[in-house]
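S.K.: Work out the full structure: start from the sequences and follow the hints.
2 protein chains.
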Amino acid sequence: MADRAAVEELVRLQGERVRALKQQKASAEQIEEEVAKLLKLKAQLGPDEGKLKFVLKTPKGTRDYSPRQMAVREKVFAVIINCFKRHGAEVIDTPVFELKETLTGKYGEDSKLIYDLKDQGGELLSLRYDLTVPFARYLAMNKLTNIKRYHIAKDFDIAGQFDPMIPDAECLKIMCEILSSLQLGDFLIKVNDRRILDGLFAICGVPDSKFRTICSSVDKLDKVSWEEVKNEMVGEKGLAPEVADRIGEYVLQHGGVSLVEQLLQDPKLSQNKQALEGLGDLKLLFEYLTLFGIANKISFDLSLARGLDYYTGVIYEAVLLQTPARAGEEPLGVGSVAAGGRYDGLVGMFDPKGRKVPCVGLSIGVERIFSIVEQRLEALEEKVRTTETQVLVASAQKKLLEERLKLVSELWDAGIKAELLYKKNPKLLNQLQYCEEAGIPLVAIIGEQELKDGVIKLRSVANREEVDVRREDLVEEIKKRTSQPHCIC
Amino acid sequence: MADRAAVEELVRLQGERVRALKQQKASAEQIEEEVAKLLKLKAQLGPDEGKLKFVLKTPKGTRDYSPRQMAVREKVFAVIINCFKRHGAEVIDTPVFELKETLTGKYGEDSKLIYDLKDQGGELLSLRYDLTVPFARYLAMNKLTNIKRYHIAKDFDIAGQFDPMIPDAECLKIMCEILSSLQLGDFLIKVNDRRILDGLFAICGVPDSKFRTICSSVDKLDKVSWEEVKNEMVGEKGLAPEVADRIGEYVLQHGGVSLVEQLLQDPKLSQNKQALEGLGDLKLLFEYLTLFGIANKISFDLSLARGLDYYTGVIYEAVLLQTPARAGEEPLGVGSVAAGGRYDGLVGMFDPKGRKVPCVGLSIGVERIFSIVEQRLEALEEKVRTTETQVLVASAQKKLLEERLKLVSELWDAGIKAELLYKKNPKLLNQLQYCEEAGIPLVAIIGEQELKDGVIKLRSVANREEVDVRREDLVEEIKKRTSQPHCIC
Chain A
1 MADRAAVEEL VRLQGERVRA LKQQKASAEQ IEEEVAKLLK LKAQLGPDEG KLKFVLKTPK
61 GTRDYSPRQM AVREKVFAVI INCFKRHGAE VIDTPVFELK ETLTGKYGED SKLIYDLKDQ
121 GGELLSLRYD LTVPFARYLA MNKLTNIKRY HIAKDFDIAG QFDPMIPDAE CLKIMCEILS
181 SLQLGDFLIK VNDRRILDGL FAICGVPDSK FRTICSSVDK LDKVSWEEVK NEMVGEKGLA
241 PEVADRIGEY VLQHGGVSLV EQLLQDPKLS QNKQALEGLG DLKLLFEYLT LFGIANKISF
301 DLSLARGLDY YTGVIYEAVL LQTPARAGEE PLGVGSVAAG GRYDGLVGMF DPKGRKVPCV
361 GLSIGVERIF SIVEQRLEAL EEKVRTTETQ VLVASAQKKL LEERLKLVSE LWDAGIKAEL
421 LYKKNPKLLN QLQYCEEAGI PLVAIIGEQE LKDGVIKLRS VANREEVDVR REDLVEEIKK
481 RTSQPHCIC
Chain B
1 MADRAAVEEL VRLQGERVRA LKQQKASAEQ IEEEVAKLLK LKAQLGPDEG KLKFVLKTPK
61 GTRDYSPRQM AVREKVFAVI INCFKRHGAE VIDTPVFELK ETLTGKYGED SKLIYDLKDQ
121 GGELLSLRYD LTVPFARYLA MNKLTNIKRY HIAKDFDIAG QFDPMIPDAE CLKIMCEILS
181 SLQLGDFLIK VNDRRILDGL FAICGVPDSK FRTICSSVDK LDKVSWEEVK NEMVGEKGLA
241 PEVADRIGEY VLQHGGVSLV EQLLQDPKLS QNKQALEGLG DLKLLFEYLT LFGIANKISF
301 DLSLARGLDY YTGVIYEAVL LQTPARAGEE PLGVGSVAAG GRYDGLVGMF DPKGRKVPCV
361 GLSIGVERIF SIVEQRLEAL EEKVRTTETQ VLVASAQKKL LEERLKLVSE LWDAGIKAEL
421 LYKKNPKLLN QLQYCEEAGI PLVAIIGEQE LKDGVIKLRS VANREEVDVR REDLVEEIKK
481 RTSQPHCIC
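Chains A and B are the protein sequences, given in the same order. Throughout the first sequence, residue numbering follows UniProt numbering, covering 1 to 489 in sequence. Throughout the second sequence, residue numbering follows UniProt numbering, covering 1 to 489 in sequence.
No lab work stands behind these hints, which were simulated from the structure alone. On a predicted model such as this, the values are computed, not experimentally measured, just so you know. All residues carry an ideal CB built from backbone N, CA and C; glycine is no exception. Treat the hints loosely; a few may be bogus.
Here are some of the chain B residues that sit facing chain A, going by a computed Cβ distance under 10 angstroms [to be verified]:
(1) Glu8
(2) Arg12
(3) Gly15
(4) Gly61
(5) Leu125
(6) Ile147
(7) Lys283
(8) Phe292
(9) Asp351
(10) Thr389
(11) Leu392
(12) Lys406
(13) Leu411
(14) Leu421
(15) Asn425
M.R.: Here it is as structure tokens:
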């Protein structure tokens with residue numbers, strides 16, 4: 001672009017020359033001559049040069065949200081935040097990027113998905129990959145040992161040393177409340193425990209060093225067949241076939257608390273300390289889930305492993321069993337819409353003295369949920385209002401812009417959501433059409449006669465009824481007629 | 001860290017060996033011997049190795065938000081969003097990073113402040129620097145010619161071809177409404193027009209090529225003296241001293257609409273087409289601002305220039321005249337808390353055919369506003385609640401965890417914001433203290449006798465009054481007693 005910059009500079013200088021000549025009242029020919037040179041130079045630039053090869057798009061893996069999509073997102077966020085607040089959570093926020101080393105060694109095989117920033121201030125930075133690691137960094141940095149918080153309307157965590165399984169049970173309760181109130185259709189929450197997996201890997205003869213990688217193979221069982229998973233374990237990850245088969249006997253099982261009881265009797269598994277702890281906790285967890293009235297939504301699934309490295313105990317993942325789309329339509333198959341678990345070691349990784357803070361939390365798959373709700377709204381052809389405007393300030397005749405500005409200003413100052421068309425003399429029909437399109441329920445129409453009488457004509461867009469309202473009563477009348485909530489929660 | 005990884009692998013293998021020996025019921029000595037080796041290896045790692053040199057911090061120029069700070073932020077955002085909705089704005093959102101070329105050549109001297117990402121997916125990406133350029137990219141990409149939108153509770157813009165100054169006046173009205181309702185103290189909005197600046201640069205004899213850079217020198221007049229600005233113009237930017245002096249005669253002036261009138265009579269300035277347009281529009285703008293009842297808040301200030309390149313017309317900047325801190329306290333001197341202007345060329349820079357979409361907007365300096373409000377709250381020693389919990393479910397005796405879990409679950413399902421301590425047998429005193437600290441107004445106390453009688457003891461934390469409420473009436477009673485708003489707007 002250096003050449004281009006040079007040409008641009010020439011264009012500027014030539015522009016000055018032309019301007020100077022004009023100011024000096026130079027001869028027409030002379031001016032024309034210089035103008036011609038100027039146009040030649042500009043032609044070299046070409047109006048669209050540079051634009052032609054510029055691709056207008058958002059970065060890979062990102063998207064914009066239109067007003068309609070944001071309206072959906074606001075509703076979804078409102079449900080989630082409302083639930084988090086119902087459970088007494090505080091809210092924190094952390095920067096969108098972190099020191100690279102803060103994120104290093106926390107995500108296992110997901111690490112390659114992290115975006116790094118170019119070195120500028122002498123710090124190596126990366127975009128945050130989830131909200132759990134920044135939260136753990138926040139706890140260690142502020143020496144917090146005890147907090148219940150949420151983080152941008154999708155992450156909820158309980159940190160602190162408590163009696164076993166009570167916070168864990170609340171996390172599952174929260175997932176149920178959110179998924180139910182979002183009316184996404186029937187759902188199931190798979191539950192497992194990393195200690196049970198590690199225990200059964202041990203008794204099946206998996207070397208410690210392979211636990212995490214075998215874990216991520218097992219985690220694929222919700223997408224691919226056992227044969228494929230076994231091939232990966234044996235072929236890629238060098239596990240003995242008989243070891244893989246032993247794993248298979250366990251991880252293909254799922255059920256309720258009865259399966260927990262059964263495995264507690266399992267001669268081999270019950271001999272493994274870790275597995276025993278995990279099974280004991282799951283048994284207690286199911287008691288609490290029954291008291292919360294959600295045990296029927298929970299399935300103990302030994303194939304659930306979760307990708308991330310930092311989990312240390314109970315893990316869970318919510319899946320939709322069907323979509324709320326109309327009968328006959330294709331199911332969406334969106335997989336997991338919420339997940340989480342216990343990570344008792346993560347905060348200790350940040351603490352200089354390695355002090356641990358036990359944590360359990362959950363994350364809502366908001367992006368997936370948005371697209372489900374969007375698709376459903378489209379399926380139902382539901383109209384979504386993207387503004388909350390209560391009244392349009394309109395005029396019946398010309399020359400009333402000043403009056404419209406005065407009235408709309410009065411309404412804004414009284415807390416009424418009001419608009420006017422940015423035209424000096426808009427046609428009444430256009431103003432009414434705008435209300436139809438934007439779903440604005442009321443029109444406040446100013447006319448010369450009404451001004452004389454000190455009244456405003458208030459028109460209901462739905463039934464086209466018009467009544468004269470005394471100007472001093474207008475605000476109250478509008479408030480009375482528009483009882484729709486003024487907040488998103 | 002490669003060595004460390006190797007040692008870690010050795011530790012794993014040695015761990016396996018020890019485990020194997022134990023399973024094989026090997027001799028005690030033999031096991032001890034291998035355990036000793038294991039411990040030696042582990043010692044090599046050192047529990048805190050790597051952590052010692054790891055600095056626990058957020059990236060330069062970023063910060064975390066604590067629950068208390070978030071509570072303040074939520075209140076501020078609520079005021080701003082409420083105002084944007086009152087003016088009929090839709091909301092959009094765009095990714096936190098953009099293609100690098102999307103941001104290139106839009107910010108002038110600010111460009112060096114942009115964060116670039118490391119090349120990963122073959123795309124050169126940068127973190128967004130403001131919300132205006134992504135908005136213009138969004139308009140061009142979606143071929144939108146007409147929208148009124150806000151963007152994460154701080155940016156408001158009106159795009160479209162309208163009658164002059166009506167949207168511009170609304171932007172200034174919005175700034176006044178927000179700054180008034182945030183009660184930040186007295187404020188003033190400086191207004192100017194890029195066309196007036198360019199015009200006076202032209203008549204003072206500044207070469208076109210120097211307009212933008214002289215512009216940013218002028219913009220420093222709110223911080224440094226005219227002498228320093230002149231030195232920069234002459235010394236660094238090579239302007240003739242007499243040219244600088246001519247500029248000085250103009251840019252040191254400020255006033256109301258009368259100054260606009262006066263300059264319209266200025267023999268030189270009134271001969272410049274651009275300046276004349278700018279002054280004409282400002283005259284009209286002041287008429288509308290008077291109708292909006294905010295003309296007294298506006299000052300036409302010829303020294304206001306704004307840093308960013310993309311402004312083409314009216315520009316404005318709000319400054320606090322004093323802080324709301326107590327008498328005797330130091331003023332905060334936070335400078336501009338809101339700013340904006342007209343940028344009619346930016347969308348065209350993205351459109352392949354260069355089609356223009358006129359835009360005018362404003363941006364609220366939320367970070368500065370947060371710190372002002374925070375400081376004020378601390379000055380007033382105001383207690384900020386960081387949760388909205390209405391009731392704590394407590395028990396008077398031991399062995400009532402199950403009952404507490406059942407009751408809190410009932411309350412959650414009824415939409416009540418409720419908590420319980422995550423302890424099997426918490427002391428009543430501790431439960432009451434928790435309410436005092438967290439500002440929870442009510443306690444629902446379960447006791448054996450109450451269970452028999454089918455009632456719950458409802459205690460008001462403030463006045464310590466206790467009444468027995470029949471369990472089926474509890475939800476209604478709690479709702480009646482806690483009338484605080486359940487939403488942040």
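S.K.: Compare the structure with each hint and give your call.
M.R.: Outcome of the hint check:
1. Glu8: Since the shortest Cβ distance to chain A is 9 angstroms, the answer is holds.
2. Arg12: This hint holds: arginine 12/B lies near chain A, its Cβ roughly 4 angstroms from the closest one there, short of 10 angstroms.
3. Gly15: Status holds, d = 6 angstroms.
4. Gly61: 7 angstroms, holds
5. Leu125: Status holds, d = 5 angstroms.
6. Ile147: 8 angstroms, holds
7. Lys283: 15 angstroms, violated
8. Phe292: Holds, about 5 angstroms.
9. Asp351: 8 angstroms, holds
10. Thr389: 4 angstroms, holds
11. Leu392: 9 angstroms, holds
12. Lys406: With a minimum Cβ separation of about 5 angstroms from chain A (threshold 10 angstroms), the hint on lysine 406/B holds.
13. Leu411: 9 angstroms, holds
14. Leu421: 8 angstroms, holds
15. Asn425: 9 angstroms, holds
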